[in-house]
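S.K.: Generate coordinates for the entire structure from the input sequences, incorporating the hints supplied.
Residue numbers (our numbering), protein chains in the order written: chain E, 130 to 925; chain A, 2 to 366.
Careful, some of the hints might be misleading.
Unchecked claim - Derived lysine-lysine pairs resembling DSSO-like cross-links, with alpha carbons at most 30 Å apart:
{"no.": "1", "chain 1": "E", "residue 1": "367", "chain 2": "E", "residue 2": "317"}
{"no.": "2", "chain 1": "E", "residue 1": "354", "chain 2": "E", "residue 2": "421"}
{"no.": "3", "chain 1": "A", "residue 1": "169", "chain 2": "E", "residue 2": "530"}
{"no.": "4", "chain 1": "E", "residue 1": "622", "chain 2": "A", "residue 2": "328"}
{"no.": "5", "chain 1": "A", "residue 1": "238", "chain 2": "E", "residue 2": "622"}
{"no.": "6", "chain 1": "E", "residue 1": "530", "chain 2": "A", "residue 2": "300"}
{"no.": "7", "chain 1": "A", "residue 1": "300", "chain 2": "E", "residue 2": "477"}
{"no.": "8", "chain 1": "A", "residue 1": "169", "chain 2": "E", "residue 2": "477"}
{"no.": "9", "chain 1": "A", "residue 1": "274", "chain 2": "A", "residue 2": "328"}
Unchecked claim - Not close to chain A: a few residues of chain E, all C-beta gaps over 12 Å, as computed:
{"no.": "10", "residue": "325"}
{"no.": "11", "residue": "337"}
{"no.": "12", "residue": "567"}
{"no.": "13", "residue": "822"}
{"no.": "14", "residue": "865"}
{"no.": "15", "residue": "874"}
What the hints contain is simulated information worked out from the structure, not anything from laboratory work.
The beta-carbon is built from N, C-alpha and C at its ideal position, and this holds for glycine as well.
Below are the chains, spelled out letter by letter.
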Amino acid sequence: MKFSLSWLKDHLDTTASAEEIAAKLNAIGLEVESVENPADKLAGFKVARVLTAERHPNADKLQVLSVDTGDGQPLQVVCGAPNARAGLVGVLGLPGAVVPAGGFELKKSAIRGVESNGMMCSTRELELGDDHDGIIELPADAPVGTAFADYHGADPVFDVAITPNRPDCMGVYGIARDLAAAGLGTLKPIAVQAVPGSFPCPLPIRTDDPEGCPAFYGRAIRGVKNGASPDWMQARLKSAGQRPISALVDITNYVMLAYGRPAHAYDLAKLTGAIFARRAVDGETVLALNGKEYTLDSAMTVIADEAGVHDIAGIMGGEHSGCSDETTDVLLEVAYFDPVRIGDTGRKLNLTSDARARFERGVDPAFLDAGLSILTELIVEICGGEPSEPVFAGEPPAGTKVVAYSPALAETLGGVAIPDDQQRATLRALGFASDARWNVIVPSWRPDVDGAADLVEEVVRIHGLDNIASTPLPRIDGVARPTATPAQALERKVRRAAAARGLNEAVTWSFLPEAEAEAFADGNGGLWVLANPISEDMKAMRPSLLPGLLSAAKRNLDRGATGLRLFELGRRYLRGEGGHSDERLTLGAVLAGEKTPRGWATGKAQGFDAFDAKAEALALLAEAGAPVENLQVMGEAGPQFHPGQSATLRLGPKTVLARFGMLHPALLKQFDVAGPVAAVELFLDAIPAKKAAGFARAAYAPPALQSVTRDFAFLVDAALPAGDLVRTVKGADKANIVAVRLFDDFRGQGVPEGQKSLAVEVTLQPGEKSFTDAEIKAIAERITAAAAKLGAVLRG
Amino acid sequence: MDYAATGEAALARIGAAQELDALEALRVEFLGKQGSISGLLKTLGGMSPEERQTVGPQIHALRESVTAALAERKEALESAVLDARLAAETVDLTLPAPAAPRGSIHPVSQVLDELAEIFADLGFAVATGPEIEDDWHNFTALNIPESHPARAMHDTFYFPDCDTAGRKMLLRTHTSPVQIRSMLQHGAPIRIIAPGRVYRSDSDATHTPMFHQVEGLVIDKGITLGHLKWTLETFLKAFFEREDIVLRLRPSYFPFTEPSVEVDVGFALVNGKRVLGGSGDEPGHGWMELLGSGMVNRKVIAAGGLDPDEWQGFAFGVGVDRLAMLKYGMDDLRAFFDGDARWLGHYGFSALDVPTLSVGVGARA
Numbered sequence: 130m131k132f133s134l135s136w137l138k139d140h141l142d143t144t145a146s147a148e149e150i151a152a153k154l155n156a157i158g159l160e161v162e163s164v165e166n167p168a169d170k171l172a173g174f175k176v177a178r179v180l181t182a183e184r185h186p187n188a189d190k191l192q193v194l195s196v197d198t199g200d201g202q203p204l205q206v207v208c209g210a211p212n213a214r215a216g217l218v219g220v221l222g223l224p225g226a227v228v229p230a231g232g233f234e235l236k237k238s239a240i241r242g243v244e245s246n247g248m249m250c251s252t253r254e255l256e257l258g259d260d261h262d263g264i265i266e267l268p269a270d271a272p273v274g275t276a277f278a279d280y281h282g283a284d285p286v287f288d289v290a291i292t293p294n295r296p297d298c299m300g301v302y303g304i305a306r307d308l309a310a311a312g313l314g315t316l317k318p319i320a321v322q323a324v325p326g327s328f329p330c331p332l333p334i335r336t337d338d339p340e341g342c343p344a345f346y347g348r349a350i351r352g353v354k355n356g357a358s359p360d361w362m363q364a365r366l367k368s369a370g371q372r373p374i375s376a377l378v379d380i381t382n383y384v385m386l387a388y389g390r391p392a393h394a395y396d397l398a399k400l401t402g403a404i405f406a407r408r409a410v411d412g413e414t415v416l417a418l419n420g421k422e423y424t425l426d427s428a429m430t431v432i433a434d435e436a437g438v439h440d441i442a443g444i445m446g447g448e449h450s451g452c453s454d455e456t457t458d459v460l461l462e463v464a465y466f467d468p469v470r471i472g473d474t475g476r477k478l479n480l481t482s483d484a485r486a487r488f489e490r491g492v493d494p495a496f497l498d499a500g501l502s503i504l505t506e507l508i509v510e511i512c513g514g515e516p517s518e519p520v521f522a523g524e525p526p527a528g529t530k531v532v533a534y535s536p537a538l539a540e541t542l543g544g545v546a547i548p549d550d551q552q553r554a555t556l557r558a559l560g561f562a563s564d565a566r567w568n569v570i571v572p573s574w575r576p577d578v579d580g581a582a583d584l585v586e587e588v589v590r591i592h593g594l595d596n597i598a599s600t601p602l603p604r605i606d607g608v609a610r611p612t613a614t615p616a617q618a619l620e621r622k623v624r625r626a627a628a629a630r631g632l633n634e635a636v637t638w639s640f641l642p643e644a645e646a647e648a649f650a651d652g653n654g655g656l657w658v659l660a661n662p663i664s665e666d667m668k669a670m671r672p673s674l675l676p677g678l679l680s681a682a683k684r685n686l687d688r689g690a691t692g693l694r695l696f697e698l699g700r701r702y703l704r705g706e707g708g709h710s711d712e713r714l715t716l717g718a719v720l721a722g723e724k725t726p727r728g729w730a731t732g733k734a735q736g737f738d739a740f741d742a743k744a745e746a747l748a749l750l751a752e753a754g755a756p757v758e759n760l761q762v763m764g765e766a767g768p769q770f771h772p773g774q775s776a777t778l779r780l781g782p783k784t785v786l787a788r789f790g791m792l793h794p795a796l797l798k799q800f801d802v803a804g805p806v807a808a809v810e811l812f813l814d815a816i817p818a819k820k821a822a823g824f825a826r827a828a829y830a831p832p833a834l835q836s837v838t839r840d841f842a843f844l845v846d847a848a849l850p851a852g853d854l855v856r857t858v859k860g861a862d863k864a865n866i867v868a869v870r871l872f873d874d875f876r877g878q879g880v881p882e883g884q885k886s887l888a889v890e891v892t893l894q895p896g897e898k899s900f901t902d903a904e905i906k907a908i909a910e911r912i913t914a915a916a917a918k919l920g921a922v923l924r925g
Numbered sequence: 002m003d004y005a006a007t008g009e010a011a012l013a014r015i016g017a018a019q020e021l022d023a024l025e026a027l028r029v030e031f032l033g034k035q036g037s038i039s040g041l042l043k044t045l046g047g048m049s050p051e052e053r054q055t056v057g058p059q060i061h062a063l064r065e066s067v068t069a070a071l072a073e074r075k076e077a078l079e080s081a082v083l084d085a086r087l088a089a090e091t092v093d094l095t096l097p098a099p100a101a102p103r104g105s106i107h108p109v110s111q112v113l114d115e116l117a118e119i120f121a122d123l124g125f126a127v128a129t130g131p132e133i134e135d136d137w138h139n140f141t142a143l144n145i146p147e148s149h150p151a152r153a154m155h156d157t158f159y160f161p162d163c164d165t166a167g168r169k170m171l172l173r174t175h176t177s178p179v180q181i182r183s184m185l186q187h188g189a190p191i192r193i194i195a196p197g198r199v200y201r202s203d204s205d206a207t208h209t210p211m212f213h214q215v216e217g218l219v220i221d222k223g224i225t226l227g228h229l230k231w232t233l234e235t236f237l238k239a240f241f242e243r244e245d246i247v248l249r250l251r252p253s254y255f256p257f258t259e260p261s262v263e264v265d266v267g268f269a270l271v272n273g274k275r276v277l278g279g280s281g282d283e284p285g286h287g288w289m290e291l292l293g294s295g296m297v298n299r300k301v302i303a304a305g306g307l308d309p310d311e312w313q314g315f316a317f318g319v320g321v322d323r324l325a326m327l328k329y330g331m332d333d334l335r336a337f338f339d340g341d342a343r344w345l346g347h348y349g350f351s352a353l354d355v356p357t358l359s360v361g362v363g364a365r366a
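M.R.: Printed below as a string of structure tokens:
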């Protein structure tokens with residue numbers, strides 16, 4: 130909502146400066162987005178008279194002027210304007226002034242060898258018009274020496290953001306009322322004079338859709354002469370950012386901007402028979418004033434005559450029946466439309482307008498009659514003509530609300546005690562009437578107020594939020610208690626563990642291109658795909674954290690990164706119960722490019738392999754509190770992974786805690802990543818919750834005797850997973866074997882084709898007594914026997 | 002026999018020995034079982050007591066001086082050997098050591114941890130809710146009915162799906178639905194913050210279609226705007242670790258609060274960057290919008306299953322990414338979600354920068 134200071138002063142008697150007004154507007158909740166003061170741009174420009182004008186000695190098209198700036202010391206100015214001549218009163222920019230059009234600062238200079246102490250300006254240079262044929266010519270009696278900004282009457286323009294609850298402030302008058310209530314002046318009453326009609330309205334007006342259009346007031350004015358609106362009105366409209374069109378159109382716009390009351394003027398000659406509000410017929414079309422055709426439906430209200438639709442009610446008039454320069458007879462429409470209907474229609478048609486903005490927020494239902502009179506009066510005054518008697522079809526909603534209020538609420542809800550009489554005065558100034566028992570009648574222009582809390586807001590905002598004292602929240606005794614849930618504690622710990630392991634945390638979009646999401650969907654009930662994505666790249670919610678990280682890795686590699694370790698901790702979005710989502714905490718990591726660059730000690734650069742992924746998976750699961758000792762390495766990491774270099778980590782056969790390995794070359798190709806890439810995904814939601822434990826650890830009881838190690842090398846089938854052998858060996862004598870570590874996997878010379886040699890180091894822990902040779906031999910035999918069940922043969 | 006001359010000759014030969022092997026040969030020659038000095042000692046047995054009295058000490062002195070000379074020479078030769086070995090083992094320590102990758106924490110995570118720490122001290126727990134929401138929780142329950150103009154302000158992403166109750170599914174446009182979920186789930190009193198991702202169909206240098214918000218909610222008895230003001234001041238002072246944070250409260254409008262308050266914070270322009278602190282009205286200062294807040298609307302409290310005549314409270318919402326930018330100096334929001342390792346390394350935090358109240362929640366540059 131934009132308006133000039135002089136416009137505001139039409140309605141508010143005030144001596145406050147633009148700065149004071151802006152500060153008060155902010156303080157009472159009418160947020161000032163900007164105050165543009167043309168005077169600021171005109172600083173340094175003065176009204177000046179040309180005393181003499183001589184030919185420039187070195188240039189044909191230039192003159193050397195002697196200019197009087199009112200201080201008795203004429204200045205020499207070089208000027209190229211053809212109209213510069215002795216006696217002309219114009220505008221001189223002095224050194225230091227900044228020319229609005231070019232933004233350059235004027236300086237004392239020499240032009241072709243002649244000193245110049247400023248510049249005589251054109252209207253375009255001062256951004257006051259388009260004329261650049263010559264310098265500005267002011268009336269001869271313009272006061273030489275005055276600041277041009279003062280002479281010109283520069284009028285500051287406020288741009289105020291109106292919140293959707295305040296339709297009353299979508300007119301300058303409403304803003305003036307708020308300012309007056311806040312003590313910044315006196316509100317001038319609206320001078321409404323009923324304009325009597327001299328003849329009956331020539332066509333019937335009615336509403337056939339009392340739900341959508343409860344009231345339709347109108348009248349005809351015949352014999353008008355349309356043309357340009359007067360300068361004062363054009364200036365007002367321009368300050369509001371509106372382009373003047375013609376007197377009739379400008380007048381309806383002016384009344385809308387001044388009073389928040391939209392109206393429409395039809396060219397009477399283009400109407401056929403009665404004019405009335407009705408529901409549109411499905412499929413009916415109308416060509417609106419913006420030149421676009423709209424297809425309507427039966428949920429929309431329109432204004433129509435017997436020939437067809439002329440107006441999308443409360444939103445935009447039709448091209449066909451609008452006023453033009455040839456219009457001689459007009460029909461005025463001042464109606465009340467149902468706010469919900471207007472909002473629905475506007476959204477459906479995707480059509481915004483100043484009228485819609487007001488109607489859908491709720492115009493004053495008690496201002497139809499007055500609005501019609503003001504319009505009539507202005508049209509007759511500016512365009513002449515003779516008004517008909519008004520027609521009042523239907524009735525606007527009464528809009529009377531009474532709110533039971535208690536002034537104590539200012540303190541108990543608003544946090545600031547305000548004397549009762551002050552609260553009553555504030556409410557009165559805002560148009561609220563109240564009785565002795567604080568039953569408050571809400572004015573018709575405040576559809577937003579329907580409860581006591583709303584009145585608290587009114588009195589507190591006018592009193593000033595600055596006056597609210599900070600009040601500490603009550604604090605529980607002692608040191609703050611921990612608040613994190615186990616899941617939150619786990620998330621924080623795992624995140625920092627990953628960073629501590631050298632991974633960089635990224636945050637990537639929750640939505641992906643559909644094809645990329647599809648590549649990771651794994652049939653989990655279907656992706657969540659947006660109906661109205663901002664772009665095709667942000668369409669489907671991620672079912673995994675890997676695709677986003679993989680794309681990030683690609684971007685990094687494309688930028689020349691050599692080695693990447695990225696992780697993200699966030700949600701993956703699955704389908705849940707009852708049509709809701711199932712959002713699960715997940716950690717994804719990708720390892721791409723070089724693990725170690727070529728080095729003086731390490732030789733060639735080394736890439737990541739599946740064991741790097743495994744190491745991250747196990748380390749992070751351990752930090753997350755998962756029982757990593759009990760996890761099984763199993764297959765089925767998913768089609769996104771290299772089938773021979775990937776695995777899952779499971780707790781029992783079904784609960785998958787993680788998947789890891791090298792990504793499938795086909796996937797890398799789809800993502801256009803030059804591989805190989807190792808990846809990990811931890812399903813943190815699958816980690817079983819730990820039992821609540823105390824702080825004390827189990828007692829420390831180191832074994833009394835030193836442990837013994839023995840090495841065993843087995844020949845096994847090349848396809849046998851080493852993990853199976855380790856698990857079997859470990860289980861061979863649970864009482865004595867405390868650890869089994871695989872330290873060699875050898876194939877080649879000395880090992881038969883199709884077999885491999887696996888060597889393990891077994892740690893034996895004696896209890897009370899040291900092992901005898903016979904005992905160790907017996908354990909070794911149990912180990913060999915157990916391994917034999919896997920087809921393992923002890924190497925000789 | 003001239004024992005002194007014998008001694009001198011022996012010491013000279015020991016001193017001249019250049020190898021440990023040669024030295025050992027001399028030891029055997031002098032002190033071995035068949036050694037010359039060992040032989041002299043054996044002659045003592047055949048001497049008269051008087052003779053032994055005079056010759057004995059001389060022989061013993063000879064033996065001792067030779068023994069000492071051998072030991073001294075041995076140590077000198079061993080030391081020379083060690084020096085030579087060490088000299089041969091010299092490495093160039095200007096060569097680089099093995100590099101370990103430096104991990105980092107994303108600024109959004111860091112700031113969320115900071116917020117959790119500060120608000121824990123004020124007694125606020127951290128609550129969460131789904132990002133794929135239904136329109137009842139995101140709008141209707143927050144006093145934004147279907148036709149409300151405020152719905153249009155939210156630029157909502159919708160799914161074609163409805164839940165089994167027929168509610169339209171969407172991406173939450175704010176963290177406020179967690180207010181409703183918390184009230185319904187836990188009742189009152191409540192003190193929570195609810196951080197998380199939110200989504201709006203908006204994209205330019207300062208807006209991304211996904212960003213992070215943190216919601217604050219207090220529901221209790223006798224809570225007023227004064228408590229809201231104190232809470233926000235206290236939180237911002239703690240977060241920015243500055244005592245001179247000045248807030249400006251402006252009346253505003255949000256459907257879910259009444260009264261509603263927009264909160265500006267004063268800043269100074271320092272080298273073209275906004276540095277929070279001081280009143281925005283001071284010369285060289287300004288105000289910037291930081292967050293929206295207000296007293297929870299009665300209808301929202303009722304939608305949360307609580308009696309608005311019994312309970313009241315305040316709520317606020319603030320952009321987490323924005324807080325991070327203001328505190329740590331990033332100027333492009335889009336870079337937050339790009340995963341550029343260079344940016345993550347530059348603006349990210351050490352794993353060990355765990356925010357604590359005793360050290361200060363912020364990690365200094």
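S.K.: If a hint holds in the structure, say so; if it does not, say that too.
M.R.: Right, here's what the structure says about each hint:
1. The hinted pair formed by residue 367 of chain E and residue 317 of chain E meets the criterion: a straight-line CA distance of about 23 Å does not exceed 30 Å.
2. In summary, the hint linking residue 354 of chain E to residue 421 of chain E is supported, as the alpha carbons are separated by about 28 Å, within the 30 Å threshold.
3. At roughly 33 Å between alpha-carbon atoms, residue 169 of chain A and residue 530 of chain E are farther apart than 30 Å, so this suggested pair is violated.
4. With a CA separation close to 24 Å, the supplied pair residue 622 of chain E and residue 328 of chain A stays within the 30 Å bound.
5. As the CA atoms of residue 238 of chain A and residue 622 of chain E are separated by approximately 27 Å, the hinted pair is consistent with the 30 Å bound.
6. The straight-line distance between the Cα atoms of residue 530 of chain E and residue 300 of chain A is roughly 18 Å, inside the 30 Å bound, and the hint therefore holds.
7. At most 30 Å may separate the alpha-carbon atoms for a hinted pair to count; residue 300 of chain A and residue 477 of chain E meet this at roughly 28 Å.
8. Restraint check for residue 169 of chain A and residue 477 of chain E: satisfied, since their Cα atoms lie roughly 17 Å apart, inside the 30 Å limit.
9. The hinted pair formed by residue 274 of chain A and residue 328 of chain A meets the criterion: a straight-line CA distance of about 11 Å does not exceed 30 Å.
10. At roughly 38 Å, the least C-beta separation between residue 325 of chain E and chain A is larger than 12 Å, which holds for a residue marked as non-interface.
11. Its beta-carbon lying about 22 Å from the closest one in chain A, residue 337 of chain E satisfies the requirement of being farther than 12 Å from that chain.
12. Every CB of chain A lies more than 12 Å from the CB of residue 567 of chain E, the least distance being 17 Å, so the non-interface label holds.
13. Annotated as non-interface, residue 822 of chain E keeps its C-beta farther than 12 Å from every C-beta of chain A; the closest such distance is 21 Å.
14. Against the 12 Å criterion, residue 865 of chain E stays outside the reach of chain A, whose nearest CB is about 38 Å from its own CB.
15. For residue 874 of chain E, the shortest C-beta to C-beta distance to chain A comes to about 25 Å, beyond the 12 Å cut-off, and the non-interface label holds.
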